[in-house]
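*Asks:* For reference, the chains in residue letters:
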Amino acid sequence: MTSTLTQGYRGEGKKTLEQFSVGVWSDVEVETQQGRFRGIVLPRSETSDEKHIVLKLATGYNVGIKANTVTNVIEHGKRVANYKIPEKKFPYHPNKPNVTLFGTGGTIASRLDYRSGAVIPAFSPGELYGSVPELADYCNLTTEKLYGVFSENMGPEQYIALAKRIGDEIRNGVDGIVIGHGTDTMHHTAAVLSFMVQNSPIPIVMVGSQRSSDRPSSDAAINLINAVKAAAESDIAEVLVCMFGPTSDQYCLLHRGTRVRKMHSSYRSTFRTIGDIPLGQIDTTRIDCFRDDYNRRRTDREVTILPTFDEKVTILYYYPNMMPDIVDAMVEKGYRGIVIAGTGLGHVNKPLYPALKRAVDQGVHVYMTVQTLWGYVQMYVYETGRKIMELGVVPAANMLPEVAFMKLSWALGQTTDREEVKRIMLTPICDEITQREPYNGYLVFQGAVPEVQQFIRGIKR
Amino acid sequence: MQQTCKPFEEMSADDYAAIGLRSGLEVHRQLLTPTKLFCRCPAGRYSSAYDAEVLRHMRPTLSEFGEYDGTALMEKKTKKNIHYRIHRNTVCTYEFDDTPPFAPSEEALDIATELALLLRLNMVDELHIARKQYLDGSIPAGFQRTTILGVDGWIPYQDRRIGIVQLGLEEDSCREVSDIGHDRVYLTDRLGTPLIEVVTAPDMRTPQEVADVGRIIRNLCRSTRKVRTGYGAARQDVNVSVEGGTRIEIKGVPQLGRIPRLVYNEARRQRSLLHIREQLKERGITEDTLSCRHDDVTRIVARTHYDPMRDAIANGQRVRCVVLAGFAGLLNEPTQEHTNFAKEFADRVRVIACLTRLPNLVHSDTASESLYGKDWKRLFRVMRADHRDALVLVWGSEGDTVCACEEIAIRAREATIGIPCDTRQALKDGTNGFERVLPGAERMYPDTDLPPIELGETRITSIQSQLPEYVWDREKRYREIGLTEDIISEVLLSPYAAILDRATEEFRVPPLVAAVVLLQRFKHWRRSRLPLNAISNEDALSVFTAMADGRLPREGVAMVFREFLVTRKANPDSDVALAGILEKLIEDSADEQNVKACLQEVVREAAGRKFPDRETKHRFLMGQLMNSLRGRFSGTQLSNMLSSVLAETTAKESETSVQA
Chain A
1 MTSTLTQGYR GEGKKTLEQF SVGVWSDVEV ETQQGRFRGI VLPRSETSDE
51 KHIVLKLATG YNVGIKANTV TNVIEHGKRV ANYKIPEKKF PYHPNKPNVT
101 LFGTGGTIAS RLDYRSGAVI PAFSPGELYG SVPELADYCN LTTEKLYGVF
151 SENMGPEQYI ALAKRIGDEI RNGVDGIVIG HGTDTMHHTA AVLSFMVQNS
201 PIPIVMVGSQ RSSDRPSSDA AINLINAVKA AAESDIAEVL VCMFGPTSDQ
251 YCLLHRGTRV RKMHSSYRST FRTIGDIPLG QIDTTRIDCF RDDYNRRRTD
301 REVTILPTFD EKVTILYYYP NMMPDIVDAM VEKGYRGIVI AGTGLGHVNK
351 PLYPALKRAV DQGVHVYMTV QTLWGYVQMY VYETGRKIME LGVVPAANML
401 PEVAFMKLSW ALGQTTDREE VKRIMLTPIC DEITQREPYN GYLVFQGAVP
451 EVQQFIRGIK R
Chain B
1 MQQTCKPFEE MSADDYAAIG LRSGLEVHRQ LLTPTKLFCR CPAGRYSSAY
51 DAEVLRHMRP TLSEFGEYDG TALMEKKTKK NIHYRIHRNT VCTYEFDDTP
101 PFAPSEEALD IATELALLLR LNMVDELHIA RKQYLDGSIP AGFQRTTILG
151 VDGWIPYQDR RIGIVQLGLE EDSCREVSDI GHDRVYLTDR LGTPLIEVVT
201 APDMRTPQEV ADVGRIIRNL CRSTRKVRTG YGAARQDVNV SVEGGTRIEI
251 KGVPQLGRIP RLVYNEARRQ RSLLHIREQL KERGITEDTL SCRHDDVTRI
301 VARTHYDPMR DAIANGQRVR CVVLAGFAGL LNEPTQEHTN FAKEFADRVR
351 VIACLTRLPN LVHSDTASES LYGKDWKRLF RVMRADHRDA LVLVWGSEGD
401 TVCACEEIAI RAREATIGIP CDTRQALKDG TNGFERVLPG AERMYPDTDL
451 PPIELGETRI TSIQSQLPEY VWDREKRYRE IGLTEDIISE VLLSPYAAIL
501 DRATEEFRVP PLVAAVVLLQ RFKHWRRSRL PLNAISNEDA LSVFTAMADG
551 RLPREGVAMV FREFLVTRKA NPDSDVALAG ILEKLIEDSA DEQNVKACLQ
601 EVVREAAGRK FPDRETKHRF LMGQLMNSLR GRFSGTQLSN MLSSVLAETT
651 AKESETSVQA
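Protein chains in written order, with my numbering: chain A, 1 to 461; chain B, 1 to 660.
Some clues are possibly wrong.
[To be verified] A few chain A positions that, by computed beta-carbon distances, are all more than 10 Å from chain B: (1) Thr32; (2) Asp49; (3) Pro94; (4) Asn98; (5) Phe150; (6) Arg211; (7) Asp214; (8) Ala221; (9) Gly275; (10) Cys289; (11) Ile315; (12) Arg336; (13) Val360; (14) Gln378; (15) Thr384.
[What the hints assert, rightly or not] Restricting the straight-line Cα-Cα distance to at most 20 Å, the calculated cross-link-like pairs of lysine to aspartate or glutamate (DMTMM-like) are: (16) A:Lys15 x A:Glu31; (17) B:Lys79 x A:Asp137; (18) B:Lys80 x A:Glu144.
Hint data in this document are derived by calculation from the structure and do not stem from the laboratory. None of the values given here were measured: they were computed from a predicted structure. Each residue gets a CB set at the ideal place from its N, CA and C atoms; glycine is no exception.
Whole structure, please, built from the sequences with the hints as guidance.
*Replies:* Laid out in structure tokens, this is it:
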């Protein structure tokens, strides 16, 4: 089949390969106007240009040769890459807890996809045991690949199916659930699952990695080991996110699904609990809880699954001089819920008032959160705040904007009755709104300050 | 005992030919760029100060072809905690792998291209960044980003060609601070500095040839003036094999002068290991028949007087014994200078089992140096061994001693096969020690963080048109104009070579005069921290021209430069120009009439002085004269004139004394 022979190649590159009757995985000697190159023809990434042919040299390096400078190609044979993570049967022990790992697309053990240039996750228990054998110390593992999507492509369909599968597994009697997830929207999924799966008797632990598992310094293995340990052994029967605490390989933090947020585009220690303290920390030797106000593990199999979601909800991130037509456009397009990320204590400019009034009058549910992320909405402090409330905008306390978005979507999937929606929104289910903010719930250190430097120097982050 | 190689000093080219020595080089050289290769941190700033530390562990990952790399698996066994010291002035979040790479430094790409063209490589059209795995922790990501610019070139050496396999552009690694037990500490300042790697074919046949070729490549790199110099800016890896042996890589040789002895010792080690294999075969020990067993013997040696072991036991550690059946006597077999076969085991135990405090093992071939005879006897009995076997004892934590004994067994098995594929470290005494298992092509992995980069014809043609002259051509040219060998080797590396070339070629300045000023004097002034970069090439040439035209005496050349530099150093903002100083000196230059008058006066003033002999007097008077005439009149001519004046006066004096 020519298509697999010239995998990923187009135009000039494809023409040259075909001209000399060679293809991907051919071991070739290529003569060009530049000189001679010997190597194996590799597939080409579909996003790369059409002009070059990629060779893997004997030294392991890859090089690109301009196709139109090729004068001759001699084929010496073929060497097809047989990428396989060494599989070993995952051991079963009757005394170990049973954990189910759902895959949605995060990379825990992965391999390269030449055509997209990205990594593809490998996932079976055997493969996982082959690459992270430590998992067998904690549990008997079952895996199920639900999706293979990047986390930005997760949506209502996936949330609902995931919630239902969690319900099934709980009723099937597993002792813990781990969900492998891309990190970008892990906190969105964690929030929505906190609402859709209530009163769980077991831990539901979300995990991912900031460095893909094809890198020796990846955080994937440590995150996964700790997540599996938390699912198998911890007493916290809630939706959790288990990710690196510091950037150093030391421990993971267990975050409550409704208070966690990805705070750095690339750091390992990107997940932080906002406006509160994390639930605890975990490493291979221990689980330390920082608080005791969490739902305890139970032996019963009761769980409430509420898989509802209204897609016509949006977040409006306020900026100075925002024009009212933005709000009008949302209403016109049929949006039923708007979560505003307002400035300071929860403000927007005056020109928006009439538009917000029109929105509320037309039945749109409008909630106010803060773009400062930390702190509560407090709309009584300034007169402007009071005015905005008079328009029908509901302050959402210290709910994070993304969490409020997920909760409103979920609530509107159940009812559109204004008072009922408001009741659902403002009744905390799992600390999405907290009664008090502890002083150590807001700690963003500033470098260069002497005492901070002293701390960082002494303690590996 | 059979001598497998003559001593270093006695080895001839024929001897090396007889053992089939083949050697190649990998030359690493930092490029002189303002920033690092894949981030915008400043390059070339070194300091052991640090603000913070990061801790990492490395796990082996699969290669592109679905295989694990042997080195990676070895490093996994060591279970090292790797501590990185970081300072905000030299490192950003990229270096410790918390930020993806930025586009590579354009300057680095240009310099690497220039070097690739100088090495006559077949240029690659599109660069693919690869990740070369390093699980020793020397790079926090666990891999080095690296790419190939060209393959298959050559350089001339004597009457033949030395093949250049490839030129790579890569990021430099961390500097190791310490490696004790399970903790390894690195400084990150050097990490990410652009570096080229030039790989030669194994075309060298004697240790001296390896050093010679290293020198040629060094000179070629430095002839671009775009590479870093100084200790650590260049490091060589040397590949060595002998007939029947294996390609062994000796890493990180900082000085070329150390290469020959290292190559000799490795050749000798390989010969010895082959010899040991033959002896084992004669004893009937092969890979299949080899037997090694180990057990905890802490109880047996509990009352030992051997300090390292006694202290270990006192600290609650364990002692473990491994029996190498049929190995008796072999552990004392010499492998390199001052080194024997036992070190092959001790190295593995140190590196892989992390028993880093030396000595880390004792064995029954040197029984009397450690335990008492009765202890050995009990050990032989308990381990069911006899006089044909060798016992090796290690001490440490339970886990480490088990790992150590397993490694010893692995190394013993390798001895029955031949020479294990190691990467070895260069030691100061010219020998080498085990560093890690030689990594293969399996450790290369495409970097998914950066797209391929088209090098571009415009870049290549523009760099091609401005290539510096080949060093070997310059060398020939300098030899032809009569410079001596030691001056030539200095000129080749001198930043002032361009001035020297123009001065001698365009303005007919005597090469030696220009060389002495530009090499020796300039070097001296640089060391005295005079602001040499205040002298432009044109200014420098104008001084040499004045001398070549006969307007300035030879001694004046250095004087002009020196006066200018001293003035500029004293007052960096002064607008004093070199041209002004030159003109003044030319104006001041004395004609013969002035000089004669001066001479007469100096001689007259000294008339009352007594001198032991005429030479002393001549020297004293020359000194006096040069105070006022230095740079204004030719010293040689002045000395001749003084001689004749002195001759005259002496003649007069003797007349007078006769009359008296």
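*Asks:* Would you mind marking each hint as holding or not holding in the structure?
*Replies:* Structure-based check of each hint:
1. Distance to chain B contradicts A:Thr32 as a non-interface residue, since its nearest Cβ pair spans about 8 Å, not more than 10 Å.
2. The claim that A:Asp49 is not at the interface with chain B is violated, since a C-beta of that chain comes within 10 Å of its own (minimum 8 Å).
3. Interface exclusion of A:Pro94 from chain B stands, the closest Cβ pair being 28 Å apart, more than 10 Å.
4. With a minimum CB-CB distance of about 26 Å to chain B, A:Asn98 clears the 10 Å threshold, and the non-interface call stands.
5. Chain B leaves A:Phe150 outside its interface by the beta-carbon criterion, the shortest separation being 14 Å against a cut-off of 10 Å.
6. Interface exclusion of A:Arg211 from chain B breaks down, the closest Cβ pair being 7 Å apart, not more than 10 Å.
7. Interface exclusion of A:Asp214 from chain B breaks down, the closest Cβ pair being 5 Å apart, not more than 10 Å.
8. Non-interface status of A:Ala221 relative to chain B is broken: a Cβ of that chain comes within 10 Å, the nearest being about 6 Å off.
9. Non-interface call for A:Gly275 relative to chain B: holds, since the shortest CB-CB distance, roughly 24 Å, exceeds 10 Å.
10. The beta carbon of A:Cys289 sits about 24 Å from the closest Cβ of chain B, which is more than 10 Å, so the claim that it is off the interface holds.
11. Chain B leaves A:Ile315 outside its interface by the beta-carbon criterion, the shortest separation being 27 Å against a cut-off of 10 Å.
12. Every beta carbon of chain B lies more than 10 Å from that of A:Arg336, the smallest distance being close to 39 Å; the non-interface claim holds.
13. Against the 10 Å criterion, A:Val360 stays outside the reach of chain B, whose nearest CB is about 43 Å from its own CB.
14. Against chain B, the non-interface label of A:Gln378 holds: every CB pair exceeds 10 Å, the least being about 35 Å.
15. Look at A:Thr384: its CB is around 39 Å from the nearest CB on chain B, clear of 10 Å, so calling it non-interface holds up.
16. At roughly 16 Å between alpha-carbon atoms, A:Lys15 and A:Glu31 fall within 20 Å of each other, so this suggested pair holds.
17. With a CA separation close to 18 Å, the supplied pair B:Lys79 and A:Asp137 stays within the 20 Å bound.
18. A hinted pair counts as satisfied when its Cα atoms are at most 20 Å apart, and B:Lys80 with A:Glu144 does not qualify at roughly 34 Å.
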